Amino acid sequence: MQEPSKPPVPVLPGVPAQRTVVLGQRGAQDLDSDGLPTEPMKINMGPSHPAMHGTVRMVITVDGERIRDADIQLGYMHRCFEKESEYATYTQIFPYTDRLNYVSPLCNNVGFALAVEKALDITRKIPERAQYIRMIVSELSRITDHLTCLGASSMELGAFTIFLWMLKAREWLFTDLEEVTGARLTHSYVRVGGVVADLPTGWIEKVRDRLTRVEAVIDECDQTISGLRIFRDRMENVGPFTREQAIAWGWTGPALRSAGVDYDVRKDAPYLFYDRMEFDVPVGDRGDCYDRFMVRMIEMRQSIKIVRQCFDQMKPGDVIVDDGRIALPPKNEVYNSIEGMINHFKIIMDGIRVPPGETYSYSEGGNGELGFFIVADGSGRPYKLHCRAPCFYVLQTAGAQIKNALISDIVPVFGMANYIAGECER
Amino acid sequence: MSETVKLTIDGREIEVPKGTNILEAAKKLGDEISHFCYHPGLSIAASCRQCLVEISGNPKLQPSCQMTVTEGMKVSTANERVITARRQMLEFTLVNHPVDCPICDKAGECLLQRHYFDWDRKSSRVDMDKVHKPKKVDLGPTIVLDAERCILCSRCIRACDEVAGVHQLEFVNRGDHSELTTAPGQLLDNPYSVNTVDVCPVGALTAKDFRFAMRAWELYTTPSVCNGCATGCNVEVHHAAGQTHRLVPRPNPDVNKYWMCDEGRLTYKAAQTNRLAGATIDGLPASPEKAIAAAAARLQPLLDSERGAIGVVFSATHSNEDNWVLGRLAHEFLGLQRAYIAARAPVPERADKILRDADVNPNLKGARAVAGAFGQSGQGDLVALAADLRSGKLRGLIVLGDVVLPDDVVDAAARLSALVLVTTHQGALERAAHVALPAAAWPEMHGTITNRDGRVQRMRAAYEPAGKALPAWELLAKLARKLGATMEYPYPRAIFKEMVEKVAAFAGAEWGKEAQLVQLRFANSRG
Amino acid sequence: MSQKILDRLLEKFPDAVLSTSNFRGDEVAIVKRERALDVLRFLKDDAECLLDMARTVTAIDWLGRDGDRFEMVYQLYSITRKHGVRIKVPVPEDDPTIDTCTTLWPGMNWAEREAWDMYGIKFRGHPDLRRMFMYEEFVGHPLRKDYPKEKRQPLIRREGMV
Amino acid sequence: MGLEFTTTKMADAIAWARKFSLFTYPFVTACCGMEYMSTAGPKYDVARFGAEFPRFSPRQADLLFIVGTITEKMGPVLSRIYQQMAEPKWVVAFGVCACTGGFYQNYNTMPGADQVVPVDVYIPGCPPRPEQVLDGLIMLQERIQKHEGHSQVRYREEQALANKQEALAQIRLPAAGK
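Here the protein sequences come in this chain order: A, B, C and D.
Following our numbering, the numbering of the first sequence begins with 10 at its first residue and continues without gaps.
Following our numbering, the numbering of the second sequence begins with 325 at its first residue and continues without gaps.
Following our numbering, the numbering of the third sequence begins with 7 at its first residue and continues without gaps.
Following our numbering, the numbering of the fourth sequence begins with 77 at its first residue and continues without gaps.
One should not assume that every hint holds.
Here are the simulated DSSO-like cross-link-like pairs (lysine-lysine), alpha carbons at most 27 Å apart as the crow flies [as the list claims (entries may be wrong)]:
1. A:Lys215 <-> D:Lys119
2. B:Lys837 <-> C:Lys151
3. A:Lys314 <-> C:Lys88
4. A:Lys134 <-> C:Lys88
5. B:Lys384 <-> B:Lys352
6. B:Lys459 <-> A:Lys340
7. B:Lys581 <-> B:Lys614
8. B:Lys837 <-> C:Lys18
9. A:Lys412 <-> A:Lys51
10. B:Lys792 <-> C:Lys151
11. C:Lys50 <-> B:Lys792
12. B:Lys792 <-> B:Lys826
13. B:Lys351 <-> B:Lys581
14. C:Lys38 <-> B:Lys837
15. C:Lys157 <-> B:Lys837
16. C:Lys157 <-> B:Lys614
17. A:Lys412 <-> A:Lys134
18. B:Lys593 <-> B:Lys821
19. C:Lys50 <-> B:Lys593
20. D:Lys240 <-> A:Lys177
21. C:Lys38 <-> C:Lys157
22. D:Lys240 <-> D:Lys222
23. C:Lys151 <-> C:Lys128
24. B:Lys532 <-> B:Lys581
25. B:Lys398 <-> B:Lys384
26. B:Lys802 <-> C:Lys128
27. A:Lys340 <-> B:Lys593
28. C:Lys18 <-> C:Lys38
29. C:Lys157 <-> B:Lys593
30. B:Lys446 <-> A:Lys134
31. B:Lys677 <-> B:Lys614
32. A:Lys276 <-> C:Lys128
33. B:Lys837 <-> C:Lys94
34. C:Lys128 <-> B:Lys837
35. B:Lys398 <-> A:Lys340
36. C:Lys50 <-> A:Lys276
37. A:Lys276 <-> C:Lys18
38. B:Lys792 <-> C:Lys155
39. C:Lys94 <-> B:Lys821
Think of the hints as simulated: they come from the structure by calculation, not from any bench.
Everything numeric in this text was worked out from a predicted model, so none of it was measured.
Sequences are here, hints too, so could you generate the full structure?
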């Protein structure tokens with residue numbers, strides 16, 4: 010079988026089509042002078058360090074301004090997601106998935122729901138509207154993820170304005186998502202078999218209008234920073250990775266696409282209704298930090314495109330599967346009849362019984378392929394639940410990327426790896 | 325049981341012994357037929373009509389618990405007709421059942437909940453008031469009845485008749501006003517009364533000890549053995565947060581069938597009250613390492629001068645492993661000669677033909693076997709120990725287990741030049757001891773005990789030992805190392821293997837599999 | 007979809023493959039520990055399979071089950087061919103060692119370190135097999151089924167907080 | 077009396093000044109960091125309460141915001157950072173994980189940051205809404221004004237002890253009979 014053909018990357022305002030070395034840029038080699046004899050020195054960065062967003066610790070060996078060796082140490086944020094999951098019902102695990110990649114919680118919710126539904130073999134039975142809603146919220150969530158990632162890393166590079174602008178847009182989306190889910194950040198909105206509740210009335214129109222304003226913010230930021238010389242000096246040719254390296258090291262998501270591989274789960278193994286959507290998968294050609302930045306920038310626009318298509322396509326209907334073993338009965342039955350009470354009780358206390366078997370299900374999270382490997386033993390909780398965290402694999406190459414680079418390069422490399430402690434260390 | 329019968333259940337052929345009923349035969353095939361009144365340990369009532377199945381050639385549906393299999397019988401347990409019947413029976417059962425699950429002790433392990441969820445899941449069609457009955461009937465010292473929840477399966481009545489052998493429960497009235505009750509002025513007070521709670525498929529009968537104390541689904545279960553007497557009933561320890569909340573019998577056809585006595589159910593209380601939490605030197609708290617060093621220092625001079633005057637006390641309340649390590653320490657390494665076996669005095673009046681035994685030590689036979697393996701007759705009991713203490717024959721003593729002695733004997737023991745105690749509980753002797761080391765109680769340790777029939781049964785650790793306690797074998801091994809002996813056991817199984825090879829009485833004993841810690845809500849076996 | 011991978015395996019390694027199955031569209035092959043590395047190398051290099059990306063490597067602890075206690079799970083995928091397979095390798099409790107697969111997929115470096123940290127499975131030939139998440143003072147392997155969920159091993163506490 | 081009057085009033089004035097010029101050190105570990113961003117961000121502007129200036133070195137900060145889960149591995153780091161801060165200092169536990177461990181009760185998460193450092197104000201929520209955070213901040217300011225911050229209390233006690241010893245030293249009589 011051959012690869013499905015992808016449309017070319019759209020050229021955007023503010024982004025020069027071909028990259029030229031900006032005049033006046035000082036190559037890193039200019040900083041090494043023979044006049045200053047240096048000796049290797051071990052420096053400990055983190056686990057709580059301004060240049061590290063998140064709690065990663067690096068023991069770097071520097072020779073003058075150059076990093077000769079870097080040892081990245083994790084575990085300061087290991088919250089034992091997998092152990093907790095072995096002691097919780099499938100429904101109780103959703104809150105934990107919220108806190109995996111807490112910048113795009115709904116992507117995790119959806120990913121986990123899909124995994125359990127695959128194990129239950131009810132993927133086909135999910136109501137259409139529920140699937141559309143899942144796509145909408147996870148795409149919105151993806152936008153908040155990228156806004157935070159780009160905003161925070163711009164701030165770390167000194168562009169505080171971009172941070173404030175993008176945070177403003179993120180606040181809008183939080184407010185909208187809050188109207189749907191009831192929570193600003195940790196939503197726990199998706200359930201096995203559907204979603205908790207339907208979209209509130211008038212929400213779609215509001216969000217349509219909101220999206221145009223978000224788009225404006227994105228354009229604004231794009232035009233402000235993408236061509237900015239200082240910014241490009243910091244990002245271009247920093248931490249480059251080739252296509253082969255990226256694949257071998259298990260990269261996925263924006264990082265992998267920046268290295269020129271057009272692997273996107275939404276295209277290559279379409280789940281929900283992504284096969285009905287028309288959107289582009291941006292790819293970079295150098296795999297440096299600037300490419301990763303731009304890929305995310307473009308992805309946000311593509312996500313907005315997807316959300317709009319969902320709005321156009323979706324029709325009224327149920328939002329959760331009609332199955333007494335999975336969906337809770339209506340509340341008045343629960344409170345007034347023993348039948349409803351027992352039904353509710355069994356689902357809540359014993360959990361949704363998943364037949365024995367092992368399944369691996371994956372979806373496109375904010376950082377790339379988010380996979381859940383479920384070992385079910387027929388009871389209401391997973392016997393084992395393993396989470397394939399995308400940035401876990403992207404981060405482990407950070408050491409190699411900053412080798413022989415300058416200390417200042419750590420910041421963009423880590424910013425673009427988008428290290429999310431909760432997801433990476435689970 | 326030689327001759328067998330062939331039949332087909334849902335198209336699958338199976339061969340079972342003659343006289344088996346269809347329900348059991350189906351269970352062998354792995355598909356469960358829902359039932360309320362049937363219990364494998366009790367006689368057949370066939371009153372709940374929940375287990376109806378279709379037998380080809382038989383116009384009416386038949387209760388599978390009552391029908392014994394016949395040659396060439398064709399049974400279908402889950403066709404449309406059968407399931408409809410099941411649903412109808414369930415609907416009738418639920419008509420007058422109160423909406424109690426949130427406050428019901430059985431919730432989470434309730435057969436009614438389970439069968440409704442597995443088979444029915446239809447909403448109620450009844451819109452009139454339910455029939456109300458007394459909610460809190462005090463049936464006796466151990467049991468409270470909620471008559472509304474009762475589904476009239478009569479399991480409890482049969483349990484009293486057939487297990488305890490006394491007829492104390494009966495139904496009165498008829499129709500939806502039928503009620504479970506005792507005879508006027510009578511109480512449900514037989515020594516096996518709490519078994520009625522186990523067999524009750526719903527929350528009608530609740531044990532006063534467990535009532536409203538803990539939610540069933542939050543408990544974790546660990547298979548173990550009751551330490552109440554020499555019978556060694558197999559039990560499940562139900563515990564949460566390092567505390568036992570109840571013991572329930574674990575079916576074992578050779579020992580306790582499906583039952584255990586009320587007294588045995590309460591043995592967990594003793595195991596978690598008045599415990600010795602930390603090591604003491606001369607009554608003052610100390611770190612385990614210091615205490616063990618002090619014990620060795622106390623014993624060393626005696627070992628050098630008058631080895632013959634040191635005695636060891638094996639324990640009939642500790643596991644075979646603990647006794648074995650003590651034996652090796654005392655006889656193999658220190659070459660001591662005086663051995664005693666501490667056992668609680670028998671209680672003849674509690675003995676009966678059912679389960680309860682006069683000997684209230686869980687492991688007397690095991691302790692004797694171990695002592696015997698080291699050439700100790702094992703006849704030196706507490707009386708001999710008391711005599712030797714009084715007469716001053718003994719100068720030093722290593723005691724395993726919490727031993728209860730008369731006051732004057734304790735005073736005599738206090739005058740010894742070395743009294744080292746490895747015990748689970750506080751007590752007079754513990755206060756008199758020079759060094760007392762805290763040992764893990766039976767729900768906290770892996771090990772084996774030997775019951776009255778010489779059956780070696782496995783106990784499993786349910787949770788971490790209380791306070792700073794350690795398994796006794798570990799403490800004794802550390803003490804042995806302090807005294808220069810080489811004794812290394814990575815885990816109790818190593819001791820067991822060694823012991824099984826050396827001790828004839830334990831030949832062929834099995835250690836058994838490690839059990840996973842499962843919360844009851846996820847253990848599909850119950851409810 | 008990727009049944010042909012299993013077929014290739016069966017014809018190439020009839021002795022090494024213990025069993026193959028397909029559950030909910032996931033193709034699984036259980037492979038002998040001795041030949042595991044050969045099988046994986048074949049799957050990576052073979053022109054028809056070309057499983058160039060390893061998604062994740064993890065272990066399962068089957069405490070109390072008959073047979074080997076642990077099981078390594080390799081989730082493989084081919085970016086170019088768009089198909090995947092799961093390889094499972096039983097690992098006994100008394101000798102929990104297995105050849106590292108970092109020689110084939112360097113990206114599995116941390117994943118194997120995690121498996122070592124969480125399950126105590128040693129990887130022969132791993133570049134640096136340190137604990138991934140837990141601290142060096144930590145005793146035991148927390149994701150094993152016999153490790154209590156709330157058994158903490160504090161490094162530091164305020165006075166009066168023990 | 078007059079002296080006391082002026083000193084107490086002086087102390088109040090200093091407390092007033094302190095409570096509106098808090099230099100925060102955000103010890104951000106987890107999800108709550110997102111809400112911390114929002115709190116510091118344009119919509120809920122924490123600058124309105126005089127705590128807008130995050131210092132990324134504990135030595136320049138006097139308010140430690142423990143934002144997110146504290147793990148056993150992180151414990152020593154946290155206590156060290158606390159020790160590096162200059163007196164007087166205040167600690168806020170931001171989010172239920174920092175308060176009690178929240179719904180992470182397992183082998184690596186610490187049941188509350190107060191296992192390692194003293195905490196003045198607990199802000200529950202998973203994560204707390206920015207409004208909640210601002211409320212907590214105001215609470216802290218009130219405590220500061222009332223001299224109830226843990227380091228303020230500690231300082232007072234030390235002073236009292238020192239004065240007492242001083243007094244004792246003065247009334248001690250010369251040893252007689254020698």
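- Task: Run the structure past the numbered hints and jot down the numbers of the failing ones, going up.
- Result: 7, 8, 11, 12, 17, 18, 19, 20, 21, 26, 27, 31, 32, 35, 37 and 39
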